[in-house]
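A.B. asks: For reference, the chains in residue letters:
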Amino acid sequence: MMSHAAYVIASYAVAAVTVAALVAWVVGDGRARQRELRALEAAGIRRRSAEAPSGEGK
Amino acid sequence: MSENSLAIRKFSDLANPTRFLALADRILPWLAALAALFFAAGLWLSFTTEGDYQQGETVRIMYVHVPSAWLSMMCYTVMAISALGTLVWRHPLADVSAKSAAPIGASFTFLALVTGSFWGKPMWGTWWVWDARLTSVFVLFLMYLGLIALNRAMEDPARSARVSAVLILVGFVNIPIIKFSVEWWNTLHQPASVMRLDGPTIDPEFLRPLLVMAVAFTLLFFTLHIAAMRNEIWRRRVTSLRRQAARHAGRETLAP
Amino acid sequence: MRLLAEGLSARRGEDLIFNDISFSLAAGEALVVTGPNGSGKSTLLRVLAGLLRAESGRLSIENGPSGFAHPHELSHYLGHRNAMKRELTVEENLSFWQRFLGDSPGGSGIDLSAAAEAVGLAGIAQLPFGYLSAGQQRRMAMAKLLVAYRPIWLLDEPTAALDVSADRLFAGLVAAHLDHGGIVIAATHQPLGIAQPKTLQMKGFTH
Amino acid sequence: MIALFFRDLKLSVRAGGGAMIGVLFFMTVVAVIPFGVGPDLNLLARIGPAILWIGALLASLLGLDRLFQAEREDGSLDLLLMQETPLVLTVFVKCAAHWAATGLPLVVASPFLGLFMNMNELAIGATMLTLLAGAPAITFIGAVGAAVAVALPRGGLLVSILVLPLAIPVLIFGVSATYAAVEDPAPFLPPFMILLAITLFFAVIGPVAAAAALKHSAD
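Chains as they are written, first to last, in my numbering: chain G, 1 to 58; chain E, 1001 to 1256; chain Y, 2001 to 2207; chain C, 3001 to 3219.
Among the hints, a few may not be true.
Unchecked claim - For the chain E half of the interface with chain G, some residues (derived, Cβ under 10 Å), not all of them: (1) L1043; (2) S1046; (3) T1058; (4) S1100; (5) F1110; (6) V1114; (7) T1115; (8) K1121; (9) M1123; (10) L1220; (11) L1224; (12) E1232; (13) R1237; (14) V1238; (15) L1241.
Said to hold, decoys possible - Computed footprint of chain Y on chain C; a stretch qualifies when at least three of its residues, placed anywhere within it, have a C-beta under 8 Å from a C-beta of chain Y: (16) 3007 to 3014; (17) 3066 to 3078; (18) 3081 to 3095.
Hints in this document: simulated from the structure, not taken from any laboratory. We put the beta carbon where it would ideally sit given N, CA and C, even for glycine.
Here chain G stands alone, though its shape is the one from the complex (with noise of 0.2 Å):
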């Protein structure tokens, strides 16, 4: 019964390996962004205004 149990195991691993990055990438890129953001602010460069992005899309 437990003979392929290797391959169960490997398989749930990888998935929790896969999603860990995932959620590391996700987390860590954020804090980033935040942090350049927050320097930003601190060296007096603020947005034009709150309501209209200047950035994004258009």
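Once you've looked at the hints, dock chains E, Y and C against the given chain G.
C.D. replies: Then chains E, Y and C, alone, in the frame of chain G:
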């Protein structure tokens, strides 16, 4: 025409990036908590239910394999809808959505391929066969990677958005091929057993953990996707602020 | 230290670009090379930088630090192109050149933020180089001259993309370099704002 | 010199860099083969090592033409040429950085593609080892081509044409070492040693020739 454009303006007004950020801040903790909850339940179910008499323990691989495979297709569909949003409605968030979904989709496709391979080795005796289902999923994986590379290669997001949107829509033909490949061609891969018109053919013993895991994965996807979109919006703000800083730099220091 | 050029001539393909150019520059002296387009100003600078071989003549350094056979090893060369990568930030660019070039004997480069300030662009060193305007890019390329010390500066149209105020700022940098006993050779159309430079009028070679 | 290595590494990872494109190209080339020859697993297992080697060879040629051309376009090459540090060393470091950014990911990706080719574990390991030993040689040979073609406006294709014939010995011994590991009677070590020797030989000759070509390319 004017009525139409007014409706569009309202629609995009609702989803303007600043509002989206506020909304994301409120939603994300709940979504993440819910996903964690479903994962806990799903994992518990998938390890307590019995193994299959034919496949033995390996049936448990299904509980991660099938949801990731399902997500790999759903993510591409989300990207295709976003691409439509970029090209047709010029929605400001559509291109953010498409761009941030690509790495997530690639990860889940990778997961589907790897877990499938771990399932195939004991069941079919080989890690990989070039049958229609597997090959088309692999092509999907390559497409994701290509889109990521394309997004990274272009500096200006406004310009890359259109180009990658066109590519995403062209690539969408692959999705129905993946979905129906098991029915159109007679292959090693087993046919669909959950999403069928005549109801699932799978034993409820396996169906329950599978569904819970599928819900958990879907919730995880949306959590990650919204968070990644938020990151992308922040990234673009940083970029535009920096450009602004570059424009102003040197003027005040040099002004007499 | 003294930079000597005797009877330099250079050829491009079949054509002789210039012939028999000689000059001698002592520490603290500047040479401004002028002349119409195609008269060989850039070619002369590239010969001095060791990037082109002179057809004839010789280049040498007197009383310089030992172990340097050719003046180009003691020179900065600022060509038409900025030699900075658009994808990297200004800081990464400058720190790379600082570490790669190193200092020549007899001086030391200033640190990155001081160099950015010296060209009037403090505070944007974190930006990718590609974000800057043409004039700002040119000024950052000049900051490169400051982060690693070289006694000889070879400048090819250094102020082409600059506005008047940046022009003045650059003249100040050159003057400071000369005051510290440096040597500057610049090819330019506009006056550099240096007090009493030597001049070399390139006429172009006619057959 | 370390600074140059890390700058080149950074450049290839940054936006528009070639590191990811190379692996992607490798995967695509290898994935296309089964469509061409048909999904016969035995056949694929037999030709697998050769396919991987050809794919890796083509993929590592991909970004090579930019090795010096990008430096020339923005004027960095002038400054690299001017320094008193031997140019050979500069070229060698640039090759090493290019290999670390493009060649190494190919080696890492090869076992996965080996599975797709239905190769057994031994064949996969042998392919990985020979790629690891042989890929630097391709970079060093490519550097010569890149240096020769640096001043040409459309040098990209020319570099591949110049380099491929020179890279054939690498391919021959790489593939034969791999097959020697899989098929019993043939000894593995002799071809593998020759492969290593080729790599070492080009690690010396490549930078010297490339540096000479670069010196004369300046105008």
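A.B. asks: Hint by hint, note whether the structure agrees.
C.D. replies: Cross-check of the supplied hints:
A hinted interface residue such as L1043(E) counts as satisfied when its beta carbon comes closer than 10 Å to some beta carbon of chain G; here the least separation is about 8 Å, so the hint holds. This hint holds: S1046(E) has a C-beta 9 Å from the nearest C-beta of chain G, less than the 10 Å allowed. With its C-beta approaching chain G no nearer than about 5 Å, T1058(E) sits inside the 10 Å limit, and its interface hint holds. A least Cβ separation of about 9 Å between S1100(E) and chain G falls short of the 10 Å threshold, and the interface hint therefore holds.
A hinted interface residue such as F1110(E) counts as satisfied when its beta carbon comes closer than 10 Å to some beta carbon of chain G; here the least separation is about 7 Å, so the hint holds. The interface hint given for V1114(E) is met, as the beta carbon of that residue sits about 5 Å from the closest beta carbon of chain G, less than 10 Å. Taking 10 Å as the C-beta contact cut-off toward chain G, the hint placing T1115(E) at the interface holds, the least distance being around 4 Å. Using the Cβ-Cβ criterion of 10 Å, the hint placing K1121(E) at the interface with chain G is satisfied: the shortest such distance is roughly 6 Å.
Because the smallest distance between the Cβ of M1123(E) and any Cβ of chain G comes to about 9 Å, under 10 Å, the interface hint for this residue holds. At a threshold of 10 Å, the smallest CB-CB gap from L1220(E) to chain G is about 7 Å, leaving the interface hint in force. At about 5 Å, the closest approach between the beta carbon of L1224(E) and any beta carbon in chain G falls short of 10 Å, and the interface hint on this residue holds. About 8 Å separates the beta-carbon of E1232(E) from the nearest beta-carbon of chain G, less than 10 Å, and the hint is met.
At about 5 Å, the closest approach between the beta carbon of R1237(E) and any beta carbon in chain G falls short of 10 Å, and the interface hint on this residue holds. Hint status for V1238(E) relative to chain G: holds, with the closest Cβ pair at about 5 Å, below 10 Å. For L1241(E), the suggested interface contact is upheld, since its CB lies about 5 Å from the closest CB of chain G, less than 10 Å. For the segment 3007 to 3014 of chain C, the assignment as covered by chain Y holds, since 4 residues bring a beta-carbon within under 8 Å of that chain's beta-carbons and 3 suffice.
Coverage of the segment 3066 to 3078 of chain C by chain Y holds [criterion: at least 3 residues with CB-CB distance below 8 Å; count 5]. Given as covered by chain Y, the segment 3081 to 3095 of chain C passes the check, having 4 residues with a CB less than 8 Å from a CB of that chain where 3 are the minimum.
In this structure, every one of the numbered hints holds.
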